[in-house]
Amino acid sequence: MTATLERPSVPPVKKRVVTPTRVVLHAFLILTCLMTLAPLLWAVYASLRTYDDTSVNGYFSIAKSLTLANFAKAWEVGNLPHFYWNTFLITIPALVITLLLSSMVAFGVSRFSFKFNLLLLMVFTAGNLLPQQVIVTPLWRLYRLIEVPEWISESGSLIDSQIGVILIHIAFQSGFCTFVLSNYMKTIPYELTEAARVDGASVFRQYWQLTLPLCRPVLAALATLEFTWIYNDFLWALVLIQDGDKMPVTSALQNLKGTFFTDNNLIAAGSLLVALPTLVVFFVLQRQFVGGLTLGSTKG
Amino acid sequence: MTALQEKPKAVAPEGPPPRRRGKRATALAGTDKLVLGLMLGIPTIVHVLFVWIPALGSIALSFSRWNGIGGFEDIEWIGVGNYVEIFTEYPRFWPAVQHNLIWLVFLLVVPTCAGLLLAVLLDREIKGSRIYQSALYMPMVLSLALIGFIWQLIYTPDGGLLNSVLGLDKPIDFIGDSDINLYAVLVAAAWRHTGYIMLLYLAGLKGVDPSLKEAAALDGASATQTFFRVTFPVMKPVNIVVAVVTVIEALRAFDIVYVINKGRNGLELLSVLVTDNIIGEASRIGRGSAVAVILLTISLGVIIPYLYQVFSKENRT
Chain A
499 MTATLERPSV PPVKKRVVTP TRVVLHAFLI LTCLMTLAPL LWAVYASLRT
549 YDDTSVNGYF SIAKSLTLAN FAKAWEVGNL PHFYWNTFLI TIPALVITLL
599 LSSMVAFGVS RFSFKFNLLL LMVFTAGNLL PQQVIVTPLW RLYRLIEVPE
649 WISESGSLID SQIGVILIHI AFQSGFCTFV LSNYMKTIPY ELTEAARVDG
699 ASVFRQYWQL TLPLCRPVLA ALATLEFTWI YNDFLWALVL IQDGDKMPVT
749 SALQNLKGTF FTDNNLIAAG SLLVALPTLV VFFVLQRQFV GGLTLGSTKG
Chain B
261 MTALQEKPKA VAPEGPPPRR RGKRATALAG TDKLVLGLML GIPTIVHVLF
311 VWIPALGSIA LSFSRWNGIG GFEDIEWIGV GNYVEIFTEY PRFWPAVQHN
361 LIWLVFLLVV PTCAGLLLAV LLDREIKGSR IYQSALYMPM VLSLALIGFI
411 WQLIYTPDGG LLNSVLGLDK PIDFIGDSDI NLYAVLVAAA WRHTGYIMLL
461 YLAGLKGVDP SLKEAAALDG ASATQTFFRV TFPVMKPVNI VVAVVTVIEA
511 LRAFDIVYVI NKGRNGLELL SVLVTDNIIG EASRIGRGSA VAVILLTISL
561 GVIIPYLYQV FSKENRT
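Here the protein sequences come in this chain order: A and B. Sequential numbering from 499 applies to the first sequence in this note's numbering. Sequential numbering from 261 applies to the second sequence in this note's numbering.
Isolated chain A (complex conformation):
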């Protein structure tokens, strides 16, 4: 994140001249961008047209009229508010707890030195890279074994409960966050916490009042990234939740397909509605999003 800022600014050597190479370059880039945006624009176009229009004239035609009716219908028929709410119930706790736990581990391994520091970091880093399918079968079985009171989960175990999905998000995502946060915390001068220690600050105060505020930029970046990742999760909820009513919106899409039959306009509208929160986050917090990915990838 800071990387982009630290780059020495190149002094403007000469005035920008319109050369043929530049024209070709821009033409190429514009074309590439349009091709990248085409699938989404196509979905937007289809979603704005009526079924009568497209069934008579086909999709590849000039629209007779544009309407938002498909969005309203998808919203209602797909029961989207309910599924958005499910997603919210899963994403927000998972996100907050992941960042909290990861920052604790990162603080521990970057501020103090134990023999097993490196091993611990490796366990978290490697864990975040495992394909989910390596974990999923025993996890599914483990969830059936872990009994929880019925007020937490109607099934009496972690299976088929949103708590279970939140837990695996926390466990799985904390790998990545710990790694990124520990790298960042290592760049904070050691003398800072040292001074606080001399002044008698407890370990917790060093973490909560000194280190965390300094990590604000990286926490913002991670929060943005993790929001989209957890929101976009499909597999965990699909496998660990059996009751379609408890599914978050991304996994519920699968069932919506049946509800919408073969009305492609409706499918387009529904898909766009599901994509909307992540698209909004991307447009508003693009710097954080890109910064988080950059930090996470350049691991030294």
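The set of hints was computed from the structure by calculation and includes no laboratory data. The model shown is predicted, which means the values in this text are computed figures rather than measured ones. Don't take every hint at face value.
Mimicking DSBU-like on lysine-lysine, the simulated pairs with C-alpha atoms at most 35 Å apart in a straight line are [to be verified]: (1) A:613 / B:496; (2) B:387 / B:473; (3) B:387 / A:755.
The hints should help you fit chain B onto chain A, whose structure is shown.
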């Protein structure tokens, strides 16, 4: 990038070697020790219990025969039987391996080249660079499940964009035809992956010391020569990250094929064979776990070298 490259400087102790810090840690007061222990312990337990224990569980179960519903006493230990069956009899296994391999090669070639090219083009002073970047990054925020839905609108023979543009008499069933559907899906997956690769290379290019390029230019190297002989080799860490990310992505591939046709009819993948045992019709935990172990083995093949690359530096400081 730079932030992390500075890390050794920030950490590199001028006087106190790490050992001294170790002593300090033991000199912590009782409460502090307890607090620190909890701060490290709780997250570690959560992570190990829900990630690593199940991963080891897959290994154990791969040597068993079990329907997964009954109790543990129903587990029958059959040694390497599942592996033998997978390699010799299971009809969906080899197609899945082949598809995963195609997936990997495709992702390693197409999005990597495209992403690198775009990064090189955008890593210079051009007007509107930010807008171009935004457009190219955008697919990254969409889930692969959603991408499956959106791209079906393009591929469908019934008024899809592609068939309309091609205008053939007989529309092509990009999703239904098992000879081509894998590639159709791969184009959609690559659509998303390219932005990520571009992001990684843009960060990498920004981290390359400009004086290196200047020196090469002074020595009379052309721009192309400078790129392939100087810039690209210097970006080795980024190349490794790109390779790791791509391999893992290829092994994880699941959502998009599951949304399209539940991973059948030409879209079989190893990940689908695993999940079929818990949410599909097959319920053979042992065989599914054996496939998971194969996935684990391949992924460790890139994870371990990667860990070595990342953490060996740490040891040196």
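Here is what the structure says about each hint:
Taking the CA atoms of residue 613 (chain A) and residue 496 (chain B), the gap is about 30 Å. The hint holds against a cut of 35 Å. At most 35 Å may separate the alpha-carbon atoms for a hinted pair to count; residue 387 (chain B) and residue 473 (chain B) meet this at roughly 22 Å. With a CA separation close to 42 Å, the supplied pair residue 387 (chain B) and residue 755 (chain A) exceeds the 35 Å bound.
Against the hints set out earlier in the document, a violation occurs for number 3 only.
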